[in-house]
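Line by line, the protein sequences are chains A and B. When you read off a place in the first sequence, starting at 1, and then add 414, the result is the number in our numbering. When you read off a place in the second sequence, starting at 1, and then add 232, the result is the number in our numbering.
Treat the hints as calculated values from the structure; they're not laboratory data. Computed from a prediction, not measured in an experiment: that's the story for all the values here. Warning: the hint list may mix true and false statements.
Stated by the list, open to error - Stretch by stretch, here's where chain A covers chain B in the computed footprint (C-beta under 8 Å, at least three residues): (1) 458-470; (2) 509-519.
Claimed, not checked - Pulled a few chain A residues facing chain B out of the computed Cβ check, cut under 8 Å: (3) Ile637; (4) Met650; (5) Ala651; (6) Leu654.
We put the CB at the ideal spot given by N, CA and C, even for glycine.
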Amino acid sequence: MGADFVQFSLVPILIGIFASVACALPGNFLILRRQALIGDAISHVVLPGVVVAFLITGVVAAIPMMLGAAGAAVVAVILIEAIKRLGGIEPGAAMGVVFTALFAGGVLLLEQSDTSKVHLDVEHALMGNLESLIWFRATGWESILDPVALASVPQELPRMAVVCVLIIVLVLTFWRWLKIATFDEGFAQALGIPAGALGFGLVITAAVAAVAAFDAVGSIVVIAMFICPPAAARLMANQLATQVWWSVAFAVLSAVLGYVFAGYGPLWFGSQNAVSAAGMIATVSGVILGLACLYGPHRARVGVGREEAA
Amino acid sequence: MNSFLDALLLNAGYNAALVAIGAGLLGFAAGSSGTFLFLRKRALVSDATAHATLPGVGIAFIIMVSMGYDGRSLIGLLLGSAVTAAIGLVIIEWIARRTRLAEDAAIGAVLGTFFGLGIVLLTIIQTMSSGRQAGLEGFLLGSTAGMLFQDAVVIAIGGSLVVFVTWLMRRPMTLVAFDAEYAAAMGYSVRRIDLLMMGLVMGVTVVGLKLVGLILIVAMLIIPPVTARFWTDRSGRVVWIAGVFGGASGYMGAALSASAPAMPTGPIIVLMAAAIFLFSLIFAPVRGVAAAIIRHHRFQRRVHRRQGLLSLSREEPIREKFTLRLLERDGLIRPDGVPTDTGRAQAARVSRDERRWDIAREVHQDAGLTGRYDGLTPIEEVFTPDEIQEFDRRLGPPVAVGGLA
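Please build the complete structure, drawing on both the sequences and the hints.
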């Protein structure tokens, strides 16, 4: 836990934690609303958004790319809704049509444009580059208080932290509304809560989390974090507040364990090279969900026969 | 354009022809087998299946290399991908059945976890066979550049098998897709048929992995069935229409990608399918958007015309601009708003129809017949002539409408 740790591992671990928490928080509500896969859809359409932003601006910079990705996410949500309404198609299939088509469009644009000189490819979009976010100027724990060294922290860290805090604030602000609208939309409307706008806002919030996290940690972590920690938490608690706390704990645990296993795990097996941290974080979150499915105190369904009816 | 035609006619070289035929077959198999999952409202299961193939590819590669074989053997890789995809499907089914999590959460969880594990394995492989380019990344987005005859044979055999089983099991699968409880009452095992549907999709996924890649094979399983649904309301036809759409987008997409540089096959095929979808969404005869708009306008015109004629018959002034335009265009009123002879005649008819309906609703209390009263349907379409005669008897003698003719 010396200087090496601060220089190489601290920043990625923190980014991983922030990204995981930012995704897991809206994930709780998405899962309860049966919209769990919207995170999957968003993380696919981020690619065309980023490519379009690159084609317009010609540079690989964070802000235009995040704007492009957010724009693509909004377009995708609108398209899904339009196809659902206009074609009378069930939500899952509408989602499948939209995100695969947009993703294909993104890959095509990427192939057509000259991106050979810049670091922009599909694998990067999937896996992120968590391992490369090194804090060069750090010399040890004391650097945390050193303004000169702090200035050279990879910019993904403050960005991700801001987004994470923003999402925490949003969830706290709209907590009562979200809670009521998630469990009983009709009741929420009767109370005068704009349930439709709230649902759209939730999806947009999820998109913001996905877009911010995607740059640093890649799509896989985003998809997994939207679903695995909240789903595992759902099996641990019957209270929404408790569930959210569990999901945050699981998200942090996945991020830390995932990074440690990816960075140091291979060394324990005598291998020299680290494996993909993003992939490992997703895997760990899945293992946690698996354990929750097997041993979670509230894993069983209340009442039977629902699935038979479905 | 010429090169596109060449590719369409299989004249663009051996590899291009191979890819086009393979993609066409794959598209047909994917479209027809994906239909039942779509009709069962579980289209995104195929998404999880596709992503769950990745760790299998990695594991198969590692095992084959560690046993001293060439890790790139397609059959081996596909077998591996089938194993993990099957495990993923069983886990989805288990989570949805045994825990209180909904199926979409189970799908997403399996998708994310398996894909993450797959990426971990890919990074291990990258460091493992340092000198040799494993080329497993091709499974993400597909690669057609090095397509061999053997690969086309794998697609042809696997695809035909899937189509054959789909055809064989179409009845029980249709039954389960539309009414699972009825199917259970008929003695079918819903769980087994569900597993079969997912198994077929898994088969297509595995077979198509090399060609279009695991992210885009999902599109070939979802888009053609959704498209086909626009063109028919009969489940038996949806399957084959979806197959044809899938096959067409596969074949044409492959031809298009062969005819121009920097046109990756997988995405082009998917965009082709998406284009057919878009066309169907707009122009399909009954369920399409254009048809819906036309229907809406027709309905609007009928309402305005009827209400306008009723106003004429009661000699009430009409102020609605659209109604006035409509009546004038049809020669029912003059520009100054005075009804023409035809207008008066039609107004009288509509008025009579309305009064007959009034009587009909008094006489027949049952909603089956009088429930069809919507202010638009002519009474002749609902009641028989002798019934109408009875209504007329109760109505009394005819009265002139809108002054003397």
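Here's how the hints hold up against the structure:
1. 458-470: Since 3 is at least three, the answer is holds.
2. 509-519: With 3 residues close enough to chain A, the hint holds.
3. Ile637: Since the shortest Cβ distance to chain B is 4 Å, the answer is holds.
4. Met650: Cβ of A/Met650 sits 11 Å from chain B, so the hint is violated.
5. Ala651: 12 Å, violated
6. Leu654: For A/Leu654, the interface hint is violated, since the closest Cβ of chain B sits about 14 Å away, which is over 8 Å.
When the structure is compared with the earlier hints, violations turn up for hints 4, 5, 6 and for no others.
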